[in-house]
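Protein chains: 2
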Amino acid sequence: MNIVVQKYGGTSVGNIDRIQNVAKRIIKKKEENHKIVVVVSAMGDNTDKLLEMAYQISENPPKREIDMLISTGEQVSIALLSMALNSMGHQAISLTGSQVGIKTTGHHTKSRIADIDDSTIKKHLKEDKIVIVAGFQGANEESDITTLGRGGSDTSAVAIASKLQCPCEIYTDVDGIYSLDPRVYPNAKKLDVISYEEMLEMASLGAGIMHTRAIELGQKYHIPIIVASSMGEKPGTVIKESEKNMESAVITGLAIDNNDVMITLNHVPYSIRTTADIFDSLAKKDINIDMISQTSPQDNSVSISFTTPKSELSDTRDILAFLAKKYPQISYGINEDISKLSVVGIGMRSHSGVAAQIFVLLAKAGIEVQMVTTSEIKISYAIDSADQQKAVNLIADAFEL
Amino acid sequence: MNIVVQKYGGTSVGNIDRIQNVAKRIIKKKEENHKIVVVVSAMGDNTDKLLEMAYQISENPPKREIDMLISTGEQVSIALLSMALNSMGHQAISLTGSQVGIKTTGHHTKSRIADIDDSTIKKHLKEDKIVIVAGFQGANEESDITTLGRGGSDTSAVAIASKLQCPCEIYTDVDGIYSLDPRVYPNAKKLDVISYEEMLEMASLGAGIMHTRAIELGQKYHIPIIVASSMGEKPGTVIKESEKNMESAVITGLAIDNNDVMITLNHVPYSIRTTADIFDSLAKKDINIDMISQTSPQDNSVSISFTTPKSELSDTRDILAFLAKKYPQISYGINEDISKLSVVGIGMRSHSGVAAQIFVLLAKAGIEVQMVTTSEIKISYAIDSADQQKAVNLIADAFEL
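Protein chains in written order, with the numbering used here: chain A, 1350 to 1750; chain B, 1350 to 1750.
No wet-lab data here; the hints were simulated from the structure. This structure is a prediction, so every number in the text was calculated from the model and none was measured. Everything hinted at is true.
Taking lysine to any residue and the SDA-like style, the derived pairs with C-alpha atoms no more than 20 Å apart in a straight line are:
#1 A/K1412 to B/S1436
#2 B/K1452 to A/D1493
#3 B/K1398 to A/R1367
#4 A/K1452 to B/D1493
#5 B/K1452 to A/E1491
#6 A/K1412 to B/I1365
#7 A/K1398 to B/G1393
#8 B/K1398 to A/D1397
#9 A/K1412 to B/H1473
#10 A/K1478 to B/D1493
#11 B/K1478 to A/D1493
#12 A/K1373 to B/E1408
#13 B/K1472 to A/E1490
#14 A/K1398 to B/L1399
#15 A/K1373 to B/Q1405
#16 B/K1478 to A/S1492
#17 A/K1398 to B/Q1369
#18 A/K1373 to B/M1402
#19 A/K1472 to B/E1491
#20 A/K1452 to B/E1491
#21 B/K1373 to A/Y1404
#22 B/K1713 to B/N1742
#23 A/K1398 to B/K1398
#24 A/K1472 to B/D1493
#25 B/K1412 to A/H1473
Derived coverage of chain A by chain B (criterion: at least 3 residues anywhere in the stretch with Cβ under 8 Å from a Cβ of chain B; other residues may be distant):
#26 1394 to 1408
#27 1418 to 1425
#28 1430 to 1438
Virtual Cβ for every residue (Gly too), placed ideally from N, Cα, C.
Work out the full structure, taking the sequences as your base and the hints as a guide.
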C-alpha cells in the first residue's frame, strides 16, 4: 500500500472553511493513489479555552482530569473533518487515540507513546477509508485518556508513520523551516532540506514548528518528514538523514526561545549526592531541564544554574521550596527575563571557533552572556531578553542566515 | 453501601459557578454518609453548538461522526466537575460512557443501553471516590462511541441506579413535576408523587423534564426517581409505584407537545401487507411514530395519519418519497402546525367519560380535533397549534390541574 500520514495543526482546522479546505487537500492526495491516515489537532485556540475553564475552577487541577478535558478538542476536529470528507463523497472514519490503539506511558499531560496497535488503522485502510486520528492523545494501561504535551500531534503523526513505515507530511501555518524566525529577522531563508540532527536541535531549542520527540522518532525509524503550509502548494522543507558528501554551511539555523526561565541555586553543598538529589527531584516531577551550568567549587559549595520552561515554573517552585527546606544553606533566584539563542549546524563539526566568534560579536555590542552550553552541532547562549533583537541581527548578518 | 445516583442536567452545569455549586451539593450529600455516583450532561447549549458546526459542514453528516462529536460535551462537564470536587478536597474521578462500561446497541445517535459493567464504578466507590459519569453516551460492540438520544443522560443515570439498586435523583432547572407546563398555564400544581405509569405517559407525550426510557427503567427495576431543582432545597417530586389504596384524581396531568408533525397518507391500498410495509419502512430507520389513526376502507383504500417528531422529518420525508414511488396511487401531506394535548391519570381507569367530556369542551369552543388516540390512562388530542392555549385553559380549569 502506498500509504502517507498527513498531519494538520490547529490553525489549519481553525474553522469550518479551513476544515473543508483540508478535506479537499486530503482528497487530492487520495486521488494521486495514496492510502491516507490524517492526524489532526484541536481547532484553533480550543485547547486554551478548555484550559482556561479548568484554571477558573482550580489553580492546580488533577492532571488526569486535564487530559480528560483537553482531549475533547481533537475529538471535535476528527469528527468534523470526517464529516467534511464524507460529504464530499469519500469514505472516512474518525478514531480517538484510545480507539486507534495509541498506548502511552508516563505522567498525565506529558505522556509518551509506548506502542501503537496498527491493526485498526490497517483494517480501515484496506477498506479504502481515509482514517482520521485524533492527535496529541492516547490511553494508558488503566484505559485513562492521556495527552502527549503541547505539540504532541506531531509525535502522534510521526509515530503512526513509523509504525506504518511511510512518509509523514506535517501541514502547518508556515511554509517550511527557516534558518531563523522570520518574525524576528525578516530576511530569514527557507531551507529545502534539513537533517534530523539539526532539526532536533532547532526544535528542542524553541524554534517551534515541530515537536522534538516527533523528529527523534523520524530519525529512529528513518521516516522522511515534510513540513509545508496547509494553504498553498509550495514544496516546504524535508527533514531527513544528513547527506555525507554535502558541503554544509557552518550554521544552518538560529533558534530563539523566550519560553524558559533561568533558576540559580547558590551555596549548594559540593557533593555528587546533593547535585544528583536536586536534579532527581526535578526529574521525578517530569520537569524538563535544558541548559545546566555549574561554577567550580568555592568554600566547598557551588552555584548551579539551569533553564526550564515557563510552563513548568509552578511545579519547579514547589520543588525549589522543598529543596530549600531540605538544604537550609541553599538560596535560589529565578530570572524570568531571559532569552535563549542557539546556533545550529552540522558544519560546526568541521569548523571550530564558532563559539568564540559569537562571543566576540556579543561582547563588542555590550551584550552580557548569562550562560552558555554547547553540543557537537549547536551552541546556546542565554542573554537578557532586552538584548535579544540586537543579538539576533548580529548573528544572522554575520552567518548569512 | 449507602449509594445514591445523582444526575445534573445541562443548565445545572451551564457555567463554572454552577459547576462549583453542583460540587457543593454533591459534597453535602456525601457528608450525609452516602457513596455517590454523579451523571452529568453537557454544559448549557454546548451540544447545540457542536451540532451547528456539523450541519455547517454537511446536511446529513454520518451519525457515527455525530456521536463522536457531541459526546465531547459530556466529557468536558465530567472533567470540570471532577476538578471542582478535587479542589474542594474530595476525591473524585471522571469516566466517559465507554470507560464506565456502558454498552449500547442500536443505531448511532439513538442507541440503547444493553448492559453496564459496574465493576469500575464499584471499585472507585470502594476507594471512597465520588464517581462522575458522562451521561448520554456509551460504546457499542465495535468500541465506537454512541449516544442515547436527547435527554439520554436521564437514562444513563437510572440505568446505573438500576444496576447498583439504589435511588436516583434527577436535578434539573424545574423544582418537580407539574400537572402541566406552568409556562403555558401559570396556575399549574406541583405534584409530590406521581406513578411511573402516569409519568411515562406524560414524558412520552412531550411533557419534557424526563426521558421516557429512564422512567421505564425505573419502573422495571423498582428504582425511586426523585426530580428536583438543582438550585434550591425544595423536596421535588417522587416517581414511584402507584399506591393501590390511593384515591387518585381523575386526571393527574396534561402534557403539551409542539414537537410533532402529522403525516397523512391518502389512497393507501387496503391490505395488511401495505400497512405493515409502511410502518416497517419507518421502523427500519428508527423513526418514532406516536399517534396513528386509520380511516375505514373506502373503494378498497384507506387514509392513514400518524405523528412523528419534527427532528425526524428529514428522514421521514425520504421514506415517504420512497413509498410514494413504490405505491404510485398513494398521495401524502405533512402538517407541521399541530399541537398534541394529552390528559393522563390513573384515575381514568375507574372513571369513564373523560374523552367525551373533553370532546364536548373543545367542540363548544369551536376547536377542531384532528386525531385522537387513547390508552388505559391517557387520551391524546391533536389540534391546530393556534388553538393550543385556549384548549389548555379549558381542560386545566375543568379538571383543576
